[in-house]
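Asks: Once you have looked at the hints, place chain A on chain B.
So the sequences go chain by chain: B and A.
Everything in the first sequence is counted per the UniProt record's numbering, starting at 1 for the first residue and increasing by one.
Everything in the second sequence is counted per the UniProt record's numbering, starting at 1 for the first residue and increasing by one.
Keep in mind that the hints are not guaranteed to be accurate.
Stretch-level coverage of chain B by chain A, calculated; a stretch enters the list once three of its residues show a Cβ under 8 Å from a Cβ in chain A [to be verified]:
hint: 1; segment: 60 to 71
hint: 2; segment: 105 to 114
Computed list of lysine to any residue pairs in SDA-like fashion (alpha-carbon distance at most 20 Å, straight line) [to be verified]:
hint: 3; chain 1: A; residue 1: 330; chain 2: A; residue 2: 143
hint: 4; chain 1: A; residue 1: 11; chain 2: B; residue 2: 190
hint: 5; chain 1: B; residue 1: 96; chain 2: B; residue 2: 76
hint: 6; chain 1: B; residue 1: 96; chain 2: A; residue 2: 299
hint: 7; chain 1: A; residue 1: 11; chain 2: B; residue 2: 76
hint: 8; chain 1: B; residue 1: 96; chain 2: A; residue 2: 300
hint: 9; chain 1: B; residue 1: 215; chain 2: B; residue 2: 188
hint: 10; chain 1: A; residue 1: 11; chain 2: A; residue 2: 316
hint: 11; chain 1: A; residue 1: 234; chain 2: A; residue 2: 60
hint: 12; chain 1: B; residue 1: 215; chain 2: B; residue 2: 190
hint: 13; chain 1: A; residue 1: 11; chain 2: B; residue 2: 151
hint: 14; chain 1: A; residue 1: 330; chain 2: A; residue 2: 25
hint: 15; chain 1: B; residue 1: 96; chain 2: B; residue 2: 25
hint: 16; chain 1: A; residue 1: 11; chain 2: A; residue 2: 281
hint: 17; chain 1: B; residue 1: 215; chain 2: B; residue 2: 171
hint: 18; chain 1: A; residue 1: 330; chain 2: A; residue 2: 342
hint: 19; chain 1: A; residue 1: 11; chain 2: B; residue 2: 85
hint: 20; chain 1: A; residue 1: 11; chain 2: B; residue 2: 109
hint: 21; chain 1: B; residue 1: 96; chain 2: A; residue 2: 372
hint: 22; chain 1: A; residue 1: 11; chain 2: B; residue 2: 150
The set of hints was computed from the structure by calculation and includes no laboratory data.
Note that beta-carbon positions come from the ideal geometry of N, C-alpha and C, so glycine has one too.
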Amino acid sequence: MESPPPSSQPLVELSGISKHFGEGAARVDALHGVAMTISAGEVVGLLGPSGSGKSTLLNVIACIVEPSEGRMLLDGEAVFDGRWLRRDLRRLRLEKIGFVFQTHNLLPFLDATDNVALAMTLTGEGLDAARRRAWELLDYLQVGHRRYAMPAQLSGGEAQRVAIARALANRPRIILADEPTAALDSVRAGIVMDLLSRLAREQQAAIVTVTHDEKIMDRLDRIFRLRDGRLNA
Amino acid sequence: MNLAFREIRHKLGRFVLTCIGLSLLLGVVVTMAGIYRGQTADALALVRSIGADAWVVEAETHGPFAEASRIPGDTREMIARINGVLAAGSITIQTIQADHGSRRLRLQVVGFEPGRPGGPARIATGREITRGHYELIADVQTGLTPGETLRLGRRTFTVVGLTRGSVTLSGDSIVYTTLRDAQELQFEVSAPASRREVARGAQHTATDIINAVILRISPNVPVDSVADDVRRWKHLSVLTQAEQETILTTTVIERARRQLGLFMGVLTLVSAVIIALIVYTLTMDKLREIATLKLIGAPDRTIIGLIVQQALMMGVIGFVFGASLVFAAKDWFPRRVVLEPTDLVTLFGIVVIVCLLASSLGVRLAMRVEPGRALVG
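In isolation and in its complexed conformation, chain B is listed as follows (with noise of 0.2 Å):
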């Protein structure tokens, strides 16, 4: 089935973002009127070499790390404009932002499955309702048939599958990966930029990834690449 193509509804929207850290001669500028529009169905890659401010810019979209300055919209919302206009940021992640880690962070006490129905419930869904869903998208993911396996029973790319899964639960519009092919050969990379390419289409979301790996570029609609808390178009 053909995938609907990226539309232009803006999901991430930031201007004149920037952030310091300290103050007076101990001040550090990580970002600088940082401004970026994405949309749903896109792929975009934040690149740069270290300390040039992709952690910051992923933590400022995932409401982890306040900005100095500018405004930011997640889902068409404004969430940012010189200060927080949301007081329940957690809850914003929650229904809004999935993510996707370089190391699975699988909660290691919890099956694959309930690693994935544990976001839903925290929404208040029903355990049975997120336990239903959680095998659809574990089967979705084709790790299905490990969906009673302790992350520590998963190989990887299997624990990064049960990872994305959980990251699509609530079914966000945002899906924030930082680093997510760093564990990964090339082949079992390669499957997961697929596979988020994919939900990028299939489920109209944005997805900002964070990465140094060349053998996924060709797998990205955009790339921003950063440098010195600046963004390169």
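Replies: Just chain A now, kept in the frame of chain B:
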């Protein structure tokens, strides 16, 4: 989904070992409370088993337990004639050491008049003293059995019966003999000593001395009225049963009780510190999971619940297991351990509060974890 329970199940071995350690510690706290109560029970065992309404003792003393009391042996006959006295019995009390096989027994010998107040309340095994001399009833704690003999002073006694729970306030076992035998044990000097006394012209030492007279008083006559009558003899004093119990619990064993209480308090504090350290360490071990939970949007109550529930489970399981252990082993302790339900409920409440306070340390640590920590590779 109960995360606390799931994590415990995942690391069951470590949790069980932690609970075992904690249960031993809380078991010691429960034991201290039991010994504290046991000391009171031991102190009151004899005075309560005698079932007196009043104790006639030497004037200006609080005898016969808190102070020495010596009164003439014919006091009982005088007292028994007072209006309202249903029964009166003379007793002597003396601590003695006796060898039994390879063991050295520390005993309190109570001399009483069979058929009168002052003897054992109930015989568990064997029979009452029926012969005039050289029979004794011992507490089962002595390890003696009916038919065995025991050398006390210069006489050999035969054990004819056993009681249960007859101990002194210091935990020594009580044995009962006839008053006459006990007086001989306590007051009769050896033949060479007697000859020496006679040679230096001294009179024979009187042996008809007793330590107290036990009174049972008619319910229709106030104890105070009988006490007033007794006090007319200037060489006598009267203590009611309540006064005797107060003297024993607030004076005689007060310092030991306070020391036990202090020790119990210190142990509870040590337990609190250990629980806090365990909870803190358990929290330290899962900072990344906590960061992940925060990042994916878990509310604080989920994270707090994870820590507090684990602390409570640890405390409750540790307490229940520790208390059960003490309950099962309490008869093996050298001193009496009395586990009162109210004490157990109070200690359980304290453990719950300690767990809640201790978990606050872990909760504080968890609340400070930045969700961004989950993104660090």
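Asks: Now look at each hint and say whether the structure bears it out.
Replies: Here is how each hint holds up against the structure:
1. By the rule of at least three residues with a Cβ nearer than 8 Å to a Cβ of chain A, the coverage given for the segment 60 to 71 of chain B holds, with 3 such residues.
2. Under a criterion of three residues with beta carbons nearer than 8 Å to beta carbons of chain A, the stated coverage of the segment 105 to 114 of chain B is upheld, 6 such residues being counted.
3. Proposed proximity of residue 330(A) and residue 143(A) is supported: the alpha carbons are some 17 Å apart, at most 20 Å.
4. As the CA atoms of residue 11(A) and residue 190(B) are separated by approximately 35 Å, the hinted pair breaks the 20 Å bound.
5. Restraint check for residue 96(B) and residue 76(B): the C-alpha separation of about 11 Å stays at or below 20 Å, so the hint holds.
6. With a C-alpha separation of about 15 Å, the suggested pair residue 96(B) and residue 299(A) falls inside the 20 Å cut-off, and the hint holds.
7. The straight-line distance between the Cα atoms of residue 11(A) and residue 76(B) is roughly 44 Å, outside the 20 Å bound, and the hint therefore fails.
8. Of the pairs offered as hints, the one joining residue 96(B) and residue 300(A) holds, with about 19 Å between alpha carbons and a cut-off of 20 Å not exceeded.
9. Proximity of residue 215(B) to residue 188(B) is assessed by CA-CA distance (about 11 Å); at most 20 Å being required, the pair is judged to hold.
10. Our distance criterion of 20 Å between C-alpha atoms is met by residue 11(A) and residue 316(A), whose separation comes to about 18 Å.
11. A hinted pair counts as satisfied when its Cα atoms are at most 20 Å apart, and residue 234(A) with residue 60(A) qualifies at roughly 9 Å.
12. For the hint linking residue 215(B) to residue 190(B), the alpha-carbon distance of about 8 Å falls within 20 Å, and the restraint holds.
13. At roughly 14 Å between alpha-carbon atoms, residue 11(A) and residue 151(B) fall within 20 Å of each other, so this suggested pair holds.
14. Straight-line distance between C-alpha atoms of residue 330(A) and residue 25(A) comes to about 16 Å, which keeps the hinted pair within the 20 Å bound.
15. Under the criterion of a C-alpha separation no larger than 20 Å, the hint pairing residue 96(B) with residue 25(B) is inconsistent with the structure, at around 38 Å.
16. Taking the CA atoms of residue 11(A) and residue 281(A), the gap is near 14 Å; set against the 20 Å cutoff, the hint holds.
17. Between the alpha carbons of residue 215(B) and residue 171(B) the distance comes to roughly 28 Å, so the proposed pair goes past 20 Å and is violated.
18. Restraint check: the Cα-Cα separation between residue 330(A) and residue 342(A) comes to about 17 Å, which is no more than 20 Å; the hinted pair holds.
19. For the given pair, residue 11(A) sits about 41 Å from residue 85(B) by alpha-carbon distance, which is inconsistent with the 20 Å threshold.
20. With a CA separation close to 8 Å, the supplied pair residue 11(A) and residue 109(B) stays within the 20 Å bound.
21. For a cut-off of 20 Å, the pair hint linking residue 96(B) to residue 372(A) stands: about 17 Å separates their Cα positions.
22. Under the criterion of a C-alpha separation no larger than 20 Å, the hint pairing residue 11(A) with residue 150(B) is consistent with the structure, at around 13 Å.
Consistency with the previously given hints fails for numbers 4, 7, 15, 17, 19, ordered from lowest to highest.
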